[in-house]
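Residue numbering for the sequence shown follows the working numbering, beginning at 44 and increasing consecutively.
Bear in mind the hints are in silico, worked out from the structure with no lab data behind them.
Glycine included, each C-beta is placed from N, C-alpha and C at the ideal position.
Watch out, some of these pointers could steer you wrong.
[Said to hold, decoys possible] Beta-carbon label-pair distances, calculated as ranges:
1. R110 with D287: 40 to 46 Å
2. A74 with R212: 37 to 43 Å
3. D61 with N277: 46 to 52 Å
4. A70 with P251: 33 to 39 Å
5. D67 with G337: 40 to 46 Å
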Amino acid sequence: MGAGVLLIAVPNASAVQDAPIDRDLAAFVLAYRDRMPRTENSGAYHWDEDSEDDVATMIAAFRRANRGTRPDRLRATAELREFGYNLEWVRDTVSDRRYLVASEQEPCARCWGLYILRYEGEPAEANVAVEVPHPFHDTFSEELGVELFRAVDAKMFAMAGTHRYANGREDPVADMARSYTSLFHKIHTNFTTEDTHVVQVHGFSARPDYPEAVLSNGTAEPGPAQEELAGLMNAAGISTDLFDGSNYPDLGATINPQGRHTNGKGGTFYHLETVYPVRSDAGRRLAVIAAFAGALHSD
Numbered sequence: 044m045g046a047g048v049l050l051i052a053v054p055n056a057s058a059v060q061d062a063p064i065d066r067d068l069a070a071f072v073l074a075y076r077d078r079m080p081r082t083e084n085s086g087a088y089h090w091d092e093d094s095e096d097d098v099a100t101m102i103a104a105f106r107r108a109n110r111g112t113r114p115d116r117l118r119a120t121a122e123l124r125e126f127g128y129n130l131e132w133v134r135d136t137v138s139d140r141r142y143l144v145a146s147e148q149e150p151c152a153r154c155w156g157l158y159i160l161r162y163e164g165e166p167a168e169a170n171v172a173v174e175v176p177h178p179f180h181d182t183f184s185e186e187l188g189v190e191l192f193r194a195v196d197a198k199m200f201a202m203a204g205t206h207r208y209a210n211g212r213e214d215p216v217a218d219m220a221r222s223y224t225s226l227f228h229k230i231h232t233n234f235t236t237e238d239t240h241v242v243q244v245h246g247f248s249a250r251p252d253y254p255e256a257v258l259s260n261g262t263a264e265p266g267p268a269q270e271e272l273a274g275l276m277n278a279a280g281i282s283t284d285l286f287d288g289s290n291y292p293d294l295g296a297t298i299n300p301q302g303r304h305t306n307g308k309g310g311t312f313y314h315l316e317t318v319y320p321v322r323s324d325a326g327r328r329l330a331v332i333a334a335f336a337g338a339l340h341s342d
């Protein structure tokens with residue numbers, strides 16, 4: 044869909060969602076993940092000359108929905124439907140919190156991802172955004188991400204819609220940790236502020252002389268927030284070190300668009316890389332989450 048006039052059909056009153064849908068939010072996210080295109084070279088991620096304009100229109104709809112009024116939510120629902128997205132008002136049956144959940148209709152035509160915004164009369168307890176840019180490639184990053192999102196009562200969750208190499212290793216268009224134009228990045232820039240703690244969950248393969256977790260803020264100088272989290276993770280039995288500009292150079296995230304944006308506006312960015320034995324173990328994921336919660340509330 045390109046630029047031009049967008050005609051919106053507002054739902055009839057009988058079709059209006061007057062109450063939130065009850066769902067186990069984490070289970071929904073993981074089930075949705077399981078149905079996404081998961082392999083390299085699938086060609087699943089679709090981007091063309093009209094996509095940037097489409098993203099801008101979709102972001103306007105997200106912002107409208109997030110105002111918290113029923114008419115705005117209904118209009119945004121109709122707008123996003125024109126782009127192949129379902130926008131649902133959901134009550135998480137585990138936390139009893141309300142959210143706006145935007146998921147691409149299946150099978151995905153563009154595979155631009157899944158997005159969740161806290162949707163309550165009062166804001167989320169924590170000004171935290173959790174991002175999962177590499178589903179499938181960084182296995183179990185999705186579990187760690189959505190569990191962290193729920194546990195700390197974060198305000199935003201973003202998960203990419205396909206494998207980072209869906210369009211090949213030579214074409215980074217599907218890699219959300221490299222894209223400045225994607226819906227993933229624009230959700231990030233529009234729904235984080237200078238006060239937001241942005242946690243981006245990644246995974247790497249265990250290797251000699253590396254710890255189980257490497258933490259970076261996307262620069263060569265880790266800050267107090269990253270130091271606090273690393274200390275708490277080490278105390279929890281997860282060997283963790285900080286990227287300092289020279290060690291672990293492939294895990295420093297110095298060219299990460301979301302990190303650059305967060306640092307540029309004075310926010311706090313945590314690029315969290317963990318090995319498979321940490322990500323795949325529910326108890327060790329819980330230890331990571333508890334460490335982050337402790338660091339977040341250490342003040």
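Which numbered conditions among the earlier hints are violated in the structure presented, ordered from lowest to highest? 2, 5
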